[in-house]
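Asks: Line order of the protein sequences matches chains A and B.
Counting from 1 along the first sequence, just add 10 to a position and that's the residue number in the numbering used here.
Counting from 1 along the second sequence, just add 2 to a position and that's the residue number in the numbering used here.
Just so you know, these hints were derived from the structure itself, not from any lab.
What you are looking at is a predicted structure, and each value in this text was computed from that prediction instead of being measured.
One thing to keep in mind: the hints can contain errors.
[Said to hold, decoys possible] Beta-carbon label-pair distances, calculated as ranges:
{"hint": "1", "chain 1": "A", "residue 1": "128", "chain 2": "B", "residue 2": "94", "range": "42 to 52 Å"}
{"hint": "2", "chain 1": "B", "residue 1": "78", "chain 2": "A", "residue 2": "133", "range": "28 to 38 Å"}
{"hint": "3", "chain 1": "B", "residue 1": "234", "chain 2": "A", "residue 2": "40", "range": "32 to 42 Å"}
{"hint": "4", "chain 1": "A", "residue 1": "187", "chain 2": "B", "residue 2": "176", "range": "23 to 33 Å"}
{"hint": "5", "chain 1": "B", "residue 1": "236", "chain 2": "A", "residue 2": "49", "range": "53 to 63 Å"}
{"hint": "6", "chain 1": "A", "residue 1": "49", "chain 2": "B", "residue 2": "54", "range": "48 to 58 Å"}
{"hint": "7", "chain 1": "B", "residue 1": "96", "chain 2": "A", "residue 2": "225", "range": "34 to 44 Å"}
{"hint": "8", "chain 1": "A", "residue 1": "133", "chain 2": "B", "residue 2": "50", "range": "22 to 32 Å"}
{"hint": "9", "chain 1": "B", "residue 1": "104", "chain 2": "A", "residue 2": "227", "range": "50 to 60 Å"}
{"hint": "10", "chain 1": "B", "residue 1": "176", "chain 2": "A", "residue 2": "131", "range": "38 to 48 Å"}
{"hint": "11", "chain 1": "B", "residue 1": "96", "chain 2": "A", "residue 2": "128", "range": "29 to 39 Å"}
{"hint": "12", "chain 1": "A", "residue 1": "187", "chain 2": "B", "residue 2": "4", "range": "38 to 48 Å"}
{"hint": "13", "chain 1": "B", "residue 1": "78", "chain 2": "A", "residue 2": "154", "range": "36 to 46 Å"}
{"hint": "14", "chain 1": "A", "residue 1": "42", "chain 2": "B", "residue 2": "4", "range": "51 to 61 Å"}
[Stated by the list, open to error] A short, non-exhaustive set of chain A residues, derived as facing chain B with CB atoms under 7 Å:
{"hint": "15", "residue": "22"}
{"hint": "16", "residue": "23"}
{"hint": "17", "residue": "175"}
{"hint": "18", "residue": "179"}
{"hint": "19", "residue": "182"}
{"hint": "20", "residue": "210"}
{"hint": "21", "residue": "287"}
Backbone N, C-alpha and C define an ideal beta-carbon position, used for all residues, glycine too.
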Amino acid sequence: MQLSYGEYGGRFVPETLIPALDELEAGWREAWADPAFHEELDELGRTYAGRPTSLTLAERFAPGKRVYLKREDLLHTGAHKLNNALGQALLAIRLGKRRIVAETGAGQHGVAAATVCARFGLECVVYMGSEDMRRQHPNVERMGLLGAEVRPVEFGTKTLKEATSEAIRDWIATVETTHYLIGSCVGPHPYPELVRELQSVIGREAREQLLEAEGGLPEVVIACVGGGSNAIGMFAGFLDDPQVRLIGVEAGGAASLGAGRTAVLHGSRSAVLADEDGQVLDAESISAGLDYPGVGPEHAFLRDSGRVEYVSATDEEALAAFRRLAHTEGILPALEPAHALARVEELDERLVLVCLSGRGDKDLDQVLGAV
Amino acid sequence: MSKRLAIYLMSGREAPELAEAAVEGGADLVELGFPFSDPLADGPVIRRAAERALAQGMRTGPCLEVLAETRVRLPETPLVPMTYSSLLEAYGWDRFAADAHAAGATSMIVADLPAGERPELRRVQLVAPTSTDERIRLAAEQTDGWLYLVTVTGTTGARDELSPALAGLVERARRATDLPLLAGFGISTPEQARAAAALADGIVVGTSALEAAEQGVASLRSYVSTLRAALDETA
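Let's have the full structure, built from the sequences with the hints guiding it.
Replies: Written as structure tokens, this is what we have:
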């Protein structure tokens, strides 16, 4: 098998999807090599999404350090997910697909998908676990207002894992007319690579902005990891700078890289929370966006190579970091990047770049309920 | 030559007895599902059956025991485990093939391991209406004994009508191979069985067989015999 990242990646999907993945890969290579595609994407980034996003020095959050926040929370729709959704929508249009299916956990990717579908006049169906619909209700309403159909998934864990399976099953049945707009750097090849490239704008911008602000590179770059798309996009800007320490932070109850084993989930071989028989286990996190038992295959590769360190933060630590950022900086982070913020204080290094991947409005019920 | 009838059952304590009843009803081959927690190719009925089997402890080891018990009851019938890559990844690909063979498996099917991948793992390959001619040739070259034609662009489960895509798929597969072609996914009624068998060399029935099996061995035997009768009309 052509595994994309060392022993990880691949295309473990039913035969029905293979021709569509071949078509997607060819279309993607062509688009990514086409200056017109980049021009259109950059233009949309500037005029629609709000790029470049700010880089904020968080002096009161971390006294004695110089902690910079890459403000993907200020992107249109409130999270980094839009970078990927915009790029994939343009790609779907190039491929002649007018119907989009997507999965969502926290709802941020679902909102991004619904947003780009509204913007380009595409039909949009979003699969979401019924448990996630309960805990991320505002995003369900937003998707509806944007014209998307949200289909509840009642199977198994009723969270992101099942929603992803159901979106893939929809795609199997509709592949001739439909593009599957996957939300993270997971899934069968070429999705992990495609999502990474579309998110790499985060790391590219942040690197330039930090060089401008500090005249040098950060000592540490830190980001939260569920499926891992904001982290891979941020790390992409620094992988070739060996002096920059890269840290990914998983949710304690969903640490596929820290506590998982090699298994096959949603079309790729990666680190997965699975039992010794290869059956996938339930993840558990207060943050719906990190509540996923798998992770992008490139992260598994980067873990094994030692280039990136992966650690975890508990629900309580994330909640404490959420409140601390709110009180000290006037920024409500999403609970997902609050996991990354929770690991900042203990770092020995002084100059730290954090990917603030999304804003916390969607999490108010969770946070208030947990207080 | 008479048309072949393959019946899919989920691993479980009753599976050997059910398999025997299916053969008494006229099945020529039994597929034995080894359940996986996240089966992408399966519709709701097989998914729920997999959930129940996993809740009863039907992991790889116990599934192999069920296979061996089925082999004792059915010394002559081809038995084919059908599962997903994650189980083989965890168990060891070669070890799984060896232990399944030792337990009596005739071949195997891995629903999310498309043709071209791990060609050394002998298995029945699947082709779908979306497969290119090139991929049908590849699957036919690598398949083990017969080719599994997925009649629908979709997951397993009963449909109102036999898929109109089957005729074209059979025609393309015939150009690639002389091996038997068995059509599966979306075949549940005797009428659909008859229509599919008029095109292909046999059929695979899963979802509706599981539903019949839930009513007990007599119900499964009787259901399979209605399919057998329909196939024999086309022979």
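Asks: All the hints need checking, so say for each whether the structure fits it.
Replies: For each hint, the structure was consulted:
Checked against the hint of 42 to 52 Å, the C-beta distance between residue 128 of chain A and residue 94 of chain B comes to roughly 48 Å, which is consistent with it. Evaluation of the 28 to 38 Å hint for residue 78 of chain B and residue 133 of chain A yields a failure: the beta carbon distance comes to about 52 Å. The hint said 32 to 42 Å for the Cβ distance between residue 234 of chain B and residue 40 of chain A, and at roughly 52 Å that hint is violated. Roughly 28 Å separates the CB atoms of residue 187 of chain A and residue 176 of chain B, a value that falls within the hinted 23 to 33 Å.
Checking the proposed 53 to 63 Å range against residue 236 of chain B and residue 49 of chain A shows it holds: the Cβ atoms sit about 59 Å from each other. As the Cβ distance of residue 49 of chain A to residue 54 of chain B is approximately 54 Å, the hint placing it in 48 to 58 Å holds. At roughly 56 Å, the beta carbons of residue 96 of chain B and residue 225 of chain A sit outside the given window of 34 to 44 Å. Between residue 133 of chain A and residue 50 of chain B the beta carbons are some 29 Å apart, a value that agrees with the proposed interval 22 to 32 Å.
Between residue 104 of chain B and residue 227 of chain A the C-beta distance comes to about 57 Å, which sits within the given range of 50 to 60 Å. The hint said 38 to 48 Å for the Cβ distance between residue 176 of chain B and residue 131 of chain A, and at roughly 42 Å that hint holds. Range check, residue 96 of chain B to residue 128 of chain A: about 51 Å between beta-carbon atoms, so the 29 to 39 Å window is missed. Here the CB-CB span from residue 187 of chain A to residue 4 of chain B is close to 39 Å, well matched to the stated 38 to 48 Å.
One distance hint, 36 to 46 Å for the beta-carbon pair residue 78 of chain B and residue 154 of chain A, is violated here, with the actual separation near 58 Å. Look at residue 42 of chain A against residue 4 of chain B: about 54 Å separates their beta carbons, and that is inside 51 to 61 Å. A distance limit of 7 Å between C-beta atoms decides the matter here; for residue 22 of chain A the minimum to chain B is near 5 Å, and the interface restraint holds. With a least beta-carbon distance of about 6 Å to chain B, the hint placing residue 23 of chain A at the interface is held under the 7 Å criterion.
Among the interface hints, the one on residue 175 of chain A holds; its C-beta lies about 5 Å from the nearest C-beta in chain B, closer than the 7 Å criterion. Taking 7 Å as the C-beta cut-off, the interface hint given for residue 179 of chain A holds, the closest approach to chain B being about 5 Å. Because the beta carbon of residue 182 of chain A sits about 6 Å from the nearest beta carbon in chain B, less than 7 Å, this interface hint is met. At its closest, the beta carbon of residue 210 of chain A sits 28 Å from a beta carbon of chain B; the interface hint therefore is violated under the 7 Å criterion.
At its closest, the beta carbon of residue 287 of chain A sits 4 Å from a beta carbon of chain B; the interface hint therefore holds under the 7 Å criterion.
The structure fails hints 2, 3, 7, 11, 13, 20 (numbered hints given earlier, in ascending order).
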